[in-house]
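> Given the coordinates of chain L, assemble chains Z and E onto it according to the supplied hints.
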Amino acid sequence: MSAAALPAPELNALREEMDRRARLPVLLYFGAGVLWLLAGTALGLISSLKLHAPDWLASVPWLTFGRVRPAHLDTVVYGWASLAGAGCFVWLTSRLCQVVVQWRGLLIGSVILWNIGLLYGTGAVLFGFSQSVEWLEYPLPAAGMIAAAFVLFGASILRTFQKRTVPYLYVSLWYIVATVVWFPVLYVIANLPIYSGVLHGAVNWWYAHNALAVWFTPVGLALAYYMIPKVIGRPIYSYYLSMLGFWTFALFYNWNGIHHLVGGPLPAWLQTISIIASVLMVIPVLAVAVNHHLTTVGHFRMLKSDMTLRFVVFGAMSYTAVSFQGSAEALRSMQETVHFTHYTIGHAHLGVYAFLTMILFGAMYYITPRLARSYWPARKLITAHFWLAALGVLLYVVAMCTAGFFQGAGMNNAAKPFADVVAITRPYLVLRSLGGALMGIGHVIFAVLFAMILYRGGRRAAANAQGVGQ
Amino acid sequence: MMYIRLWMFFAGLLAALFLGWAALVGVPGVQLAAVPPQPGLRPYTFPQAHGREIYMREGCVYCHSQQTRPEGFGADQRRLWGRPSVPGDYVYDRPHLLGTARIGPDLFNIGARQPSRDWHLAHLYDPRSAVAQSIMPRFPWLFAEKTSTDPEDVVVAVPAPLRRPGVSVVATREALDLCEYLLGMNHTYPLERTRPR
Amino acid sequence: MTIPPQVLFLVVVAVLGASAALALFVWAVRNGHFDPAAANAARWPDPEDRENPGGSL
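Line by line, the protein sequences give chains L, Z and E.
Just remember that our numbering sits 83 ahead of the position in the first sequence, which is counted from 1.
Just remember that our numbering sits 16 ahead of the position in the second sequence, which is counted from 1.
Just remember that our numbering sits 6 ahead of the position in the third sequence, which is counted from 1.
Simulated from the structure, these hints should not be mistaken for laboratory data.
Ideal Cβ placement from N, Cα and C applies to all residues, glycine included.
Some hints could be false.
With a Cα cut of at most 20 angstroms, we get these calculated EDC-like pairs of lysine to aspartate or glutamate [stated by the list, open to error]:
#1 Z:Lys162 to Z:Glu190
#2 L:Lys246 to E:Asp52
#3 L:Lys499 to Z:Glu87
#4 L:Lys246 to L:Glu93
#5 L:Lys246 to L:Glu100
#6 L:Lys499 to L:Glu419
Chain E residues, not near chain L, derived (Cβ > 10 angstroms throughout) [as the list claims (entries may be wrong)]:
#7 Thr8
#8 Val18
#9 Val21
#10 Trp33
#11 Val35
#12 Arg36
#13 Asn37
#14 Gly38
Isolated chain L (complex conformation):
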C-alpha cells in the first residue's frame, strides 16, 4: 500500500519506523565520515604547508609531500565524501521508497570493512606502499576491501529499492540506483593490475573522471534534487527536464576522462572526443541548473533561515560553476596554459568541496536530527561553519586558479627560468593554506556539533526510557 494513501498518523509512524531502522547504519557512516574528514583535512593542510615551507618536518618520511598529498586525496574522497554520501543514500533510499532500510547487517559490515580498507590503504600510502597511480594509490587488498564494502552497501540499497511501495521513482532514486550499479564495475576494472604504458594513462583518467561521473557527482545531484524541493516545499520544476539531464549526463560524462591528458602521448582523436564530451556536458548541467533555479526562484529569502538550504544551494550553484569551468578548461586553448598547473587543483576543489562537500554538509544537517532525535545545539556555530567553509573554499579556488594562470603563462615563456615560475606561485600557495585553514576550522566546528547532537539525542532517549519527561 503506497504511502500517499496512508492517513497522517500512519505516515508519521512509518517515518519514525524508517528513521529508527536507519539510525544505526547511517550514524555509523556519518561518524566515520566525520573522522575521515578531520584526518583528510589535517593531511591536506600538511601538504599545503609543505609547498611553501618545504623544510618543515622535512626529515619525516611519512610526511613528505609526495605521500601526504595522495593520502589527503584518498581520505577525503574514499573516506569523508564516500562514507557521508553512502550514509545519506541509505536514509534517502528508505525515504524515497517508503520502506524501512533492508539488510542492515550488510551495512554494518560495509562500514567496518570500508574503514579497515581506508586505514590499510592510507597507512600503505604514508609508509611507502602506494601504487603511485592517481586516485588509485591503495594497494589491492585495501582497494578490494573498499570494493567489497561498496558492494555490500549497494546490495542493501538495491534490496530496499526492490521493496519499494511508492507509485513513482523520484529523480534522486535514478542517480542512487545508477551509482550502485556503476561504481563497483568501474573501480574493479581500474584496479586490475594488467595495464602498462600510455594505455594505463588512459585507463587511469577514464577511471578518475568516471569516479566523479558515476559516484561523486550523482551523490551531490541526488541530494540536491531532494533537499531543495523538500525544504522549500515546492515540486521540482520539470520531470522531463530531469530525465533529459540524467540520460545526457550518463551518456556524455563517461567520455570526458582523456581531457586530463591533452597534449600528451595519446592518439589525437582520443583527446578530441574527450574535449567534445566535456563541452557537451553543458547540456545536462544546464538541465539541472534550470530545474533547481526555477524551483527555488521567489524563495531565495529562505536561504537566510534554513541552513540545509544554504549549504545545498551553495553546492548546487558551485556545480554549475565548476562544470562550465571544466567545459572551458578542456579546450585545447585553455589546456595549453593551465594543464600541469595549480589551476587543475583549484577546479578539483571547486568540484569536490564547493559542490559535493557543501551539499553533504547540508544533507547531514537535515538528516542527523531525524536520526539523533534531537536538535542542533548552537545555530550560530552552524552559521560559522558555513561562512568558514564558503570563504575558505572561495579563497582556495581563486588563489589556485590565479596561480595556475601565472604558472602556465610562465612555463610557456621559454625565456623564464623554471625556478622563477615556482617563485611566482609562492604567495598563492600561502593563500591556499589560509583557505584550507578556514575550511579546517569549519570542519572542527562541524565535528563538535555532530558529537553534541548525538550526545543530546542519546541523553534524551535515555531519559525517555526511564520515563522522565522533557
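Leaving out everything else, chains Z and E in the frame of chain L:
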C-alpha cells in the same frame, strides 16, 4: 511519466558505462597494442627498476610529469625538454608515470639535461642547495650519516650550512638506484616511424 | 582508402545509438508511456508532499 522496464534502465546504465570504456580504453587499446617500443628505448635495468619504485614510493609523480609536448602547444620544445614523446617511448612503464602536474619540471629527458650523478644526489639531499627557489621536499632518509667512510661509499657534496664536523653523508643503495633511474630518463634517441606489431 | 578504426567505431556508435534512442521513443509513445499527469506527480520528492508541501518531518 515515462515508464520503462527496470531491466531497460539497468541495460541503459551499463551501456553508457561500457560505451565510454570502449571509446576511451577499448578502441585505443587495440590501436596501442599494435605500437612496438621505439628502437632506441631500452628496458629498465634492475637498479633503474628499483629506482623507479623509489620514485613511486616518494610520490614524485605528483609534482613531475614525464611527457614532452609538441611545439605549438606549450614551450616544452623551446625549453629543450626533449622531442615530443610518443606511445612507443612508454612500452616498459608499468605503472605509467605520465603525471599531471609540473610543480617541478618535466623529467622525461632529465638524464640528458642533467647527467651528473653527484648533482642529483646533492639535489635529493637538499634541493635548495642546487636550486634556491625550489620547493621540492628533502629526502634525508635516502642517505646515511657516517663518521668514517669506506672507499666504495659515494659521499654527497653537502652545502656548508648543513655540514657537520666529522660526519659524511653517504648515498644509500636507494639513493644510488633512484639516480640510476633518473639518469636513465633519456628519450632523446631519434624518433622512428615503426610498423605495427 | 582504409577507414581509421576510431572513425568506424564512432560512426557505428552514433548510428546504433541514435536508432536505439529513436526506437525507444517511438515504442514509448505507441504504448502510452508518456503520461503528463503522472510526470507532474513525480515532481514531488515524497508522494505526501503534494498534500503537505514544506511540512516535511
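> None of the hints should be skipped; say for each whether it holds.
For each hint, the structure was consulted:
{"no.": "1", "hint": "Z:Lys162 to Z:Glu190", "in the structure": "16 angstroms, holds"}
{"no.": "2", "hint": "L:Lys246 to E:Asp52", "in the structure": "16 angstroms, holds"}
{"no.": "3", "hint": "L:Lys499 to Z:Glu87", "in the structure": "17 angstroms, holds"}
{"no.": "4", "hint": "L:Lys246 to L:Glu93", "in the structure": "19 angstroms, holds"}
{"no.": "5", "hint": "L:Lys246 to L:Glu100", "in the structure": "15 angstroms, holds"}
{"no.": "6", "hint": "L:Lys499 to L:Glu419", "in the structure": "17 angstroms, holds"}
{"no.": "7", "hint": "Thr8", "in the structure": "15 angstroms, holds"}
{"no.": "8", "hint": "Val18", "in the structure": "14 angstroms, holds"}
{"no.": "9", "hint": "Val21", "in the structure": "15 angstroms, holds"}
{"no.": "10", "hint": "Trp33", "in the structure": "16 angstroms, holds"}
{"no.": "11", "hint": "Val35", "in the structure": "13 angstroms, holds"}
{"no.": "12", "hint": "Arg36", "in the structure": "18 angstroms, holds"}
{"no.": "13", "hint": "Asn37", "in the structure": "17 angstroms, holds"}
{"no.": "14", "hint": "Gly38", "in the structure": "16 angstroms, holds"}
When each numbered hint is compared with the structure, no violation occurs for any of them.
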